[in-house]
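Going down the list, the sequences are from chains U and R.
To convert, note that position 114 of the first sequence is 114 in our numbering; the numbers rise steadily by one, no gaps.
To convert, note that position 311 of the second sequence is 1311 in our numbering; the numbers rise steadily by one, no gaps.
FYI, nobody ran anything at the bench for these hints, they're computed from the structure.
Careful: at least some of the hints might be erroneous.
Cross-link-like lysine-lysine pairs, in silico, DSSO-like; alpha carbons within 27 Å at most [stated by the list, open to error]:
hint : chain 1 : residue 1 : chain 2 : residue 2
1    : R       : Lys1293   : R       : Lys1313
2    : U       : Lys243    : U       : Lys276
3    : R       : Lys1006   : U       : Lys364
4    : R       : Lys1189   : U       : Lys276
5    : U       : Lys119    : R       : Lys1189
6    : U       : Lys276    : R       : Lys1313
Cβ pair distances, simulated, as ranges [said to hold, decoys possible]:
hint : chain 1 : residue 1 : chain 2 : residue 2 : range
7    : U       : Asp161    : R       : Ala1015   : 21 to 29 Å
8    : R       : Gly1132   : U       : Asp49     : 39 to 47 Å
9    : U       : Ser174    : R       : Ala1015   : 29 to 37 Å
10   : R       : Ser1071   : U       : Glu293    : 25 to 33 Å
We put the CB at the ideal spot given by N, CA and C, even for glycine.
What follows is each chain in one-letter form.
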Amino acid sequence: MTLAVNISTNDPFQILAPDGSVVGDLPQLSEAELVDILRGMLRVRCIDDRMLKLQRAGRIGFVGSAMGQEATMIGSAVALLPQDWLWSGLREGGAAIMRGLPLDEYVAQMFCNANDTAKGRQMCNHFQHKGSHYPSWSSVIGTQIPHGVGAAFAARQRGLDEVHVIFFGDGASSSNGFHSGLNFAGVWKAPCVFVLVHNGWAISVSSRNQTAANSYSAKGTAYGVEGREVDGNCALACYQALKEATDSARRGAGPQLVVLNTYRMGGHSSSDDPSKYRDEAEVDEWRDKDPIERMTRFLEARGSLAAGAVDELRDELFMELDTVIRTQEAAPRMSWRTLVEDVYADVPPHLRQQYNQFLITQEKYGEASPSDGAFPL
Amino acid sequence: MTIEFKLPDVGEGVADGEIVQWLVSAGDRVKEHQAVVEVMTDKATVEIPSPADGQISALLAEAGDVVPVGSVIFTLETEGGATVAEPALAAASASGGTAVASAPPAAPPAIKTTTGKVLAVPSARRVARDLGVDLDRVAGSGRHGVVRRADVEAFHSSGAAPASAAPTPAPIQGSGGETRTPFRGVRRKIAEAMVRSAFTAPHFTVIEEVDVTDLVALRGRAKALGAAEGVKVTYMPFIMKATALCLARFPMLNGTLDEETNELVNFHYSNLGIATDTPNGLLVPVIKAVEQKGVLALARELAELAERTRAGKVKPDELVGSTFSITNAGNIGGIMATPIINFPDIAILGVHRLMKKPGVVAGPDGDRIEVRQYMNFSISVDHRLADGADGARFLAYFRTLLEDPGLLSL
């Protein structure tokens, strides 16, 4: 068994200590906004809890839980302006909800049903939302980095006031996309922010085995990109760091590499068993740094949240979620016709032929869906 | 309604899972999302939750059973019909609200072929058979009146009485019948070990004939000596001694591949796994540090270990840690075999039947024919880690030692 972290986090920027006490300057956020951050984090945790249970019962195919990392996505999401873009690594679905992705679209994507905006062409748990400038995830590590940099550069060329915030994990800092992306962004001073969510483990590869560098933020130095270490379990620090980084990118001062130090409490995904490669003691250590408990204690201490109100909030979120799950689970399947649609304006003869053959085969084996008619040949 | 809960694919591409333990009993009331059973797959051990509130009506697998993904492992009785059904079914039944293509009321009667057989697609025939529907009575909605699957289902659900409630035909059996035994336990472990070995290590086998006339004589004397001490001396301790001497000379056959570090490991000691036929199946207890032990000591240890192994009293740590193995089929029969390596060993020695044959013996007056005793030996080697010449050299030296067994004391 190996422990994940031996690289320095250089006294990460922190506003709330694990016990909820204030150790830095509080950001300019209203009471309602502060409670909203807690609600957003709590919603992510409720969703993860339910989705894993649905997956284990075979009701959805796959899920990657964000448990323990809620502050990274919610704190960051609140710092972005509506015109900004968020390029996801692989656990920022909660950020998209925070910025406008409707919960039923989120759940529809988990079921890959007829309401899934990806039309079942993505693996479940890989979201996209046009309305909140949230491009579809890629399972391929780091590809979103050069894409985001290019989009940021294009936005400036077109005179748009957009900042592109590009999320990725510690493993992606070893990918080609990271190096070319940071290099171009540094040279062009592209209006983007790199957010490295350092959660200790790239599936089963610990940070110890990921890099020989002293810190992840040091990796920006080679590209002239300033790095910053942040306590990723402090939602307010995540907010403030992203606020400053997006402001600076918006001013034309170029990108920053913001490292949000957190911990993946669960497996990499529903197909992973972390007990095979890591020590449970390490997980326990991080349990004490829980981002949601920290925010709860902070809000309770300053009187923004009544004692016990967090439990009511959780019940409310579960109820809202369960209603959506019931609806989406009963929704129709994605129509088979979509298999051959959307590539050509009109489905060409060879695809029609293949599709009709597919229907005949289905009919033969008893799986044909009655609502799908054949294409007229 | 009743939910038949099928074991889901909880990883990406998991084929089956072993029931570790049930967390509920038949008759228990459960809530949606409550853990029902712990299942171990190739990837992880996970708790499977209930898909709905209800009462468990039956548990259909036992702890220890390996069940394929998709088989029903428990049934759940839910209140009313409105709760969540099997996901796929729920999705299908709700799909689009488009009417099922049921047969129109005034459909023409089914068209028969000249042989009097109704025209129907194969899936319709299968469904008709399963539901006990007489295809003659179903109006076909397909082209030229061909009966489709939906026609059969609509006919069945319309409440039309099954014409001939034919029970599912019994499987065809020979006069002798058959016995079905659950494939698990030691047999399953052996199967897994054999598959791993055969499909990981490309095997080759070298076979050698050894004149053991002198060994037979030596063993006869040793047997008498051992009997005085209460030790049964077989050929095996001599073979083990010779093997240890050979392994010291050809260490490339005494090792393993450490796939984690990508290193070839060669051992400076010989722990010999001895394949043993037991009432429970094949087990391979290990005798350690054979190179340091004499023939009589080996004979004593072997007899004791073999007896405990057959009695099922061998300890788990005595079944692991071999550096090389020996399998002896000779006392049963067969003149040669191609043994499968006791993976992750690199090689295994096969010992075959002792037999008298006419042999050519070199004497001072030239060659002559004598009645000699012979044994065949085979060695199977992992060709990833050693080559044919290594196996052949091993057997050549092995032969030298056993044909002149005085050399074993060297």
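What are the numbers of the hints that this structure violates, sorted from low to high? Of the numbered hints, 2, 5, 6, 7 and 10 do not hold.
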